[in-house]
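Colleague: Fit chain B to the known structure of chain A by using the hints.
2 protein chains.
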Amino acid sequence: MSLKTGTPRADGYHMPAEWAPHTRTWMLWPERPDSWRAGAEPAQTAFRAVVAAIARFEPVTVGTSQAQFLNASEQLSDIPGVTVIELSSDDVWMRDCGPTFVIDDKGSLAAVDWDFNAWGGHDGGLYPTWDIDSQVARKVAQLEGVARYATPGFVLEGGSIHVDGEGTLITTAECLLHRNRNPRLSQGEIETYLRDYLAVDTIIWLPEGMFNDETDGHVDNFCCFVAPGEVLLCWTDDAKDPNYSRCRAALEVLEASHDAKGRTLRVHTIPIPAPLYAILESEGGAVGQVPDEHGRPERLAASYVNFLIVNGGIVMPGFDDPMDAVARDTLERLFPEREVVMVPGGEILLGGGNIHCITQQQPRPSGA
Amino acid sequence: MSLKTGTPRADGYHMPAEWAPHTRTWMLWPERPDSWRAGAEPAQTAFRAVVAAIARFEPVTVGTSQAQFLNASEQLSDIPGVTVIELSSDDVWMRDCGPTFVIDDKGSLAAVDWDFNAWGGHDGGLYPTWDIDSQVARKVAQLEGVARYATPGFVLEGGSIHVDGEGTLITTAECLLHRNRNPRLSQGEIETYLRDYLAVDTIIWLPEGMFNDETDGHVDNFCCFVAPGEVLLCWTDDAKDPNYSRCRAALEVLEASHDAKGRTLRVHTIPIPAPLYAILESEGGAVGQVPDEHGRPERLAASYVNFLIVNGGIVMPGFDDPMDAVARDTLERLFPEREVVMVPGGEILLGGGNIHCITQQQPRPSGA
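As they're listed, the protein sequences go chains A and B. Per our numbering, the first sequence starts with residue 212, numbered consecutively. Per our numbering, the second sequence starts with residue 212, numbered consecutively.
Chain A extracted, bound-state conformation (with noise of 0.2 Å):
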C-alpha cells in the first residue's frame, strides 16, 4: 500500500483506545547483548511468557532478525496463536519503533510512522544507530496491507502517549517537550502533530512521568487510562522517593483537567514496587549494583502500569514484591471483565522497559 499524504484526520481515521477490540498484537523478539545479559536468554525467557500470556487472548506476531528466526520460531512453536516471522530490528521496543493503528468507521486500518531517533538520537539516546528500528513501522504496514501516514521531521514513540479513543491524550512534558526530540517545533506545533495523526482534541501534560526512566519519562510507565474519563497514575506515599513529587504533580495537573468529552477525570491509584536496582553480574557470578552517576545504584524505573490490555484480558508485570498482590488485585478492580495475567516483568525491566513497551496492538476496525 502507498504512502499517504495527508493526515490520518482529515482521512476519517482516529486512535482507538487500547482497550477496543484487538486483530493481534505485535512484539519483536530480544537478542541484542548490550541490552540483554547472558546472550539474551533470561530475557529469551521471560519474551516467551509475555507472548504465552497474551496468546491466550488474541494472535501474537513475532519479528525476528534472520539470525534469530529458527530459535525463536522453535521457542515459541508449542504457543497457539503466535506467529514468527522475520522482522529485525535494532532493539525490541515494539511500542516505540512501530506503527501507531488508526482506524476509520468503515472497517478500515491504517498505521503512522512517526519518526524515530532510539529516545533521543546522538543526545541521550539509548542506542547509537536507529536505521533497522525506523523501518519497523514500514514493515508492519506493509505486511498488513494499510496505509501509511509517515511524519518526516516529527520524532514520537508510541510509549509517549496514551489516548482514551474519545479524543483525548495524556502524555509527559518530560518527554515531550525534551530537547532531543523535537526541538524546533513549539508545543504547540507538537499538539497539531498529535491532533492531526492521532485525530485527538484535548491534551493532558503531565509534568513528568517515572524517577530514572531512561525514556525521559514516558507516560506508558507512568500513567493510563482504563475507561472513558478515568485514568491510573503510579503512586508512592514515601516522601523520600523521588517519584513522591512526581505523582502529586501528575495528580494536580489530572485533578485540573477535562476531557475531550468534558469530563473531569477519576483518577485511580497503583502503588509502585520497592526499589528495585540493576544488577552487574561477571561471568564468574559475582554481582554487584550498577552505579548511577553519583556512585550509588541505579534504581530502575519499575511499574505496574506497564501493562497491555488485550482482548479480554490484562497483561501485567510482576516483579516478586509485595506489591504486586496490590497491584493485581487493583488492576482486578478496574478491569472487572477482564482476566488479568500476571508475568515476571524483572527481566524485561533490566533491558529498559516493561510489557507495554515490547507491545503494540492492532485494532480490529468495527465492520472490518
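Think of the hints as simulated: they come from the structure by calculation, not from any bench. Fair warning: there could be bad hints in the mix.
Remember, identical chains collapse to one label, so a pair may be satisfied in a single copy or spanning two.
Claimed, not checked - With a straight-line Cα cutoff of 20 Å, these simulated EDC-like cross-link-like pairs (lysine to aspartate or glutamate) come out:
#1 Lys317 - Asp407
#2 Lys215 - Asp315
#3 Lys472 - Glu377
All of these numbers come straight from a predicted model, not from anything done at the bench.
Modeller: Structure of chain B alone, referenced to chain A:
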C-alpha cells in the same frame, strides 16, 4: 502453524497444476554480488519488470534482506498489488528454495518444505552456504499461517518437477538421480517421496534437461505441462547443438508415456534461442566471453519454457532473438485464454535461471 507429521497425501493434499487459480506469486529480490553483476542493479531492473508483469494478473509478494528492504520497497512502490516484506535468502531462486504448496478439497493450503542444498551441496552446488535459503519455505509457511510438511533427509528443488494436477509428474534423471542430491536413496525411494508429498501416481523420467544447465537439468527449463495430457518441450533441429540429442531423448520418453489418467501425451515443441554466452564485463567497459572448462565460451541454458503461468496470463522470457516471436506465438496458441507477456530474460539468465526459477505460485484452494 505446526510442523505436520504424516504426509500431504495421507492428509488429503495434492499439488495442483500451475494453471490452477493462484492467490499470489512469491519472489525474492536480487542482491548477491557473485550472482549479479554491477551491484545487482541490472538484475533489479529485470526483476522489477517481472514483478510488474505478474502483478497485472495477481498479487506478488517480494522478499528482501534487511539491507535491501527500503531499496526494493521504493523501486516497487508504484506497482499496484505488490507487497515487499523482509524475508532473507542466499539468492533469488524462490522456485527452488521456497515451499511447494499443496491444497486439499476443503479449501485448505499447506506447504512442503523440502531439504535444500543449493543444487548439489559441496559437490557441485552453486554457493557454499545455503542455510538462509533453507529457512525460506518455513518463513513463507509461517507468514501464511499454513501447516508445513518437512522432508528431512530428502533434497528437492521446486524447479526439478512439473505436475499436471491430475496425478502425473515429469522430472529428469539428470537432476533427481544426481549423486549430489539424494545419493542414499534409490529411484524407487525418491518416487515414494514424490508420491507421498505431492500426491502423484505416475512419474515420467526424462533422461536429461537443457545442456549446461547448472541446476543439473531442471525440468522447468526444458519441458512442462501446458494442459492435462499435453506437454511443451524445448526443441532444436540443429544437429550440432548439444541439446539436439537431449530433445530427441526426451521426446522418445514422452511419446512412449501414459499419464496418470491413462492418456498418451500430446507433445508440443518450442524453439531454443540461438546460443547465448556469458559475457565478462570489466569496470573499464571492456567485455569478453566467460570461458568454460575447455576454454570455450560458456553456453547459457536459455529456454522459453522457463515461463510462469499466472491467473489469466503467461509471463515468459525474451532474449532479443528472432525466435522470440516464434516462442511467443507458440504460447499464445497453446494458451488462447491467457494474455502472454514477454519480459527481457537475459539478465536473469546471466544469474543462472529465468522467470519460472525466480517465482513460486501460491495456489488458491477451491472453497477458500
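Colleague: Are the hints correct? Go through all of them and say.
Modeller: Tested hints:
{"no.": "1", "hint": "Lys317 - Asp407", "in the structure": "within (19 Å within a copy, 46 Å between copies)"}
{"no.": "2", "hint": "Lys215 - Asp315", "in the structure": "within (15 Å within a copy, 39 Å between copies)"}
{"no.": "3", "hint": "Lys472 - Glu377", "in the structure": "within (7 Å within a copy, 64 Å between copies)"}
When the structure is compared with the earlier hints, no violation turns up for any of them.
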